[in-house]
Amino acid sequence: MAYLSVKEVSKSFGGLTAVGGVSFEVEKGQVVSIIGPNGAGKTTIFNLLTGVYEIDSGTVTFDGKPIHNKPVQDIVGAGIARTFQNIRLFPKMRVLENVLVGMDRKMGYGLLSSVFRTPKFKKAEQEFTQRAIEILGSIGLGDEIHNYAENLPYGAKRKLEIARAMATGAKILLLDEPAAGMNPQESVELMDFISSLKNQGYTLILIEHDMSVVMKISDKIYVIDHGVKIAEGKPAEIANNEAVIRAYLGGSAKDVKSQ
Amino acid sequence: MKKDWLFLMESMLFKHRLLIWGLVAAVVLTLPFWGLSLFVMRTIIMIGVFAMLALGLNLLTGYTSQVSLGHAGFFAIGAYTSAVLMMRFDVHFLVGMLAGAALAGLFGLVLGIPTLRLSGSYLTIVTMGFGEIIRLIIMTWTPVTNGTLGLMSIPRPRFFGTELNLNNHGFYYLMVALVFLVALFCHHLLNSKVGRSFRAIGEDEVAASMMGLQTTELKVLAFVLSAFITGVAGVFYAPLMGFIDHNTFTFDVSILILSIVIVGGMGTLRGMFLGSAILIVFPEMSRFLMDWRFVVYGLLLILMMRFRPNGLLGWQSRLPYPIRGKKKEVKGHGISKRQRSF
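Order-wise, the sequence lines are chains E and C.
Each step along the first sequence adds one to the number in the working numbering, with nothing skipped, and position 152 is 152.
With positions in the second sequence counted from 1, the corresponding number in the working numbering is that position plus 1000.
Isolated chain C, as found in the complex:
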């Protein structure tokens, strides 16, 4: 079998994985001391938030192939629930997080039920409606959400008497911890029978049901987990912004999350980080393009669709399948790209 460059690159990465992870950890943990401006740090935190959002949507869209355009709704539910609880009842940030994510998950269950009957574009349209309904509820339910005026001066999380903010890098480290936990959760979930069944459903639902998979329950489960993670991101986002209103959670946000998943590489975890970095940084970096900014943005997306339809990091691994109980090493041959097919 042919050893291609992808196999060589992957086996290099695999061989030096401890070194690479060590370097990544060192960079991530020491980043605040590199003398970066507050603006840059804030952008990096935003990348983290959107990486989390993309990881959440990826569970649903990248694995079970259910496309949602209403994730801004779950994002909003997480943000509003915790912000309201923290402001009105003075609960701790972590309690707010649990409540916000749980409520988002619950709404995921409610929205997941239509998946029993709908698929493809029909499902996507329902999720779009869901996002708008949540936005309208926020606008009109004034006693709780303060209506169109939005919620102002949302309290920052406090841990052991210290308030986390941008200056003491509390937000940064909280973001790192959350992204780490969410990514670990996704990694463990997807490399188990649950992840396999998600992918099987995404590829061929009828065949998956013929393997005895409870396809309906699994699809709803994907919805709930995806909404839960999106809710966590929302809970973190509210105090970071300090101010949220109905315009914070528009349809554009849903589109942005989906774009990150597609640009990074659907069905991969690595892609979510690169996708988020590119799509968050690009609008900031390209201000000199003025009015042409979104023309170039659109053009880049079209070019990517043409030349890398699987996303930037969306390749299939050429390394052998990691078989449990065997010593971890890369031996023998990689997997050839495509053999003859009739």
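Excised from the complex, chain E in its bound form:
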């Protein structure tokens, strides 16, 4: 049984089928990419996995337990966290506080402990602040911990979103277009960073348009078009897959080659 297995998942909005019976599997420690033309339903799949939308049919199983149609908070608790295509940080909070919000669930002290400043409160705050600083250091934001999230440059904002997702204690990170808006050099840095996450034992699912990133770091690629899976395989297989080329370029592979 795969670590995360998605079986025949469907979602319609009124008459529009956004995702129609998509299945895929992710093994522990893999980097899996989901690609496809704009509007193919990639972000909808992320929203289904993380509980933002309820699925109409199908199952999602993570680590042997079904997680579909559970509240968002339970899915985060199970160990799945995400980033957003359009960055959604808490802009007026500090970088460190953004990460601490991610750790909120695990802090384990209550309202009364906060008000009366009990030893439990102090210990938890101290301990988790240190861990937040470590995470930020590992991601290269060690110098920015005191800054406000809104002041960060674009690339750092993307990193902070990943740091915040890591802080929830997630085992699987879903990254929605992490390289969007990055210049080639930033993309290369991002690739190194994603590889380092893999080495730390994280399982990653990416939605990405930057093919140089996707082809180099993915263990497996799933291609989605019009809400259905049209191809799956290793990067080299996908690069030569006729259906994929047709989906992206609107013609057959022969047409493309002959041009």
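Source of the hints: derived by calculation from the structure; they are not laboratory data.
Taking lysine-lysine and the BS3-like style, the derived pairs with C-alpha atoms no more than 27 Å apart in a straight line are:
no. : chain 1 : residue 1 : chain 2 : residue 2
1   : E       : LYS106    : E       : LYS70
2   : E       : LYS7      : E       : LYS198
3   : E       : LYS92     : C       : LYS1015
4   : E       : LYS7      : E       : LYS65
5   : E       : LYS28     : E       : LYS65
6   : E       : LYS123    : C       : LYS1015
7   : E       : LYS7      : E       : LYS70
8   : E       : LYS70     : E       : LYS28
9   : C       : LYS1015   : E       : LYS122
Covered by chain C, per the in silico footprint, the following chain E stretches (three or more residues, Cβ under 8 Å):
no. : region
10  : 81-92
11  : 145-151
Small disclaimer: the values here were computed from a predicted structure and weren't measured.
Backbone N, C-alpha and C fix where the C-beta goes; we use that ideal spot for every residue, glycine too.
We have chain E; now place chain C onto it with these hints.
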């Protein structure tokens, strides 16, 4: 990074914080002996009451971004509950306070439930309706509230056989104690994971839920705590006035509380005190303007919105984040205002 004047000012304040707090405490505690008139003392007490009200609303509006225009309702529930209990059953002021604040908190829970489904302006409209409903109940539930005649000669709080009043400055010191406790409560709450999650919800609720925060429960919690604090202010207000009726708790009061929060600086505690002082003192100080009073008042609010949209004291701190377990000192650089953004 650039060191701006805000950073310099804040680090000065931080360096001399013990001295400053000492001075503030000395002034606050000795104020009654400065020979101020009863009218001035009464105005100062009113500033305290409205600072408390603003601290209560700030929890909700300044942090979780839920705007309420019905806080006069919670204010009234606190005032009426304790006044009725003290008059009918002769209970002690503190018992009345506990009951009044608890009932206000309970109503906060009831009103907080719609927040499960409503947000933004829709929520605000519901709270407005809530304020009016409470006012109508006060007007019509004559056996308990004495209807439109209001409650008269509300007994003053007594501690150890002494009645607190304006002349013996009992009201003043009671106000100081309550404001201190409420402010301390807010400070501790907001500088903890609860305050962080409130702010996270206020800034981006979807992202906050993706961090595993129980956003619904937290929003209702904010409502309950906000109503509780507002209830405490109401309990204190009733014996201070000696007379309350349905016209004491109109929509204007809700607006005034919200204005204090906005003028002072949403999401700060310091702003609530300045905002309250300005908006309570201004109508008294500007009587010479006669009919132009509220024109000038409105103009000032508009100017403030234009030039200080974050409120008078609503700046973001440039000091480093206070990391627990580290020695408290300001070192290194401040936080630059805004770096490049793409």
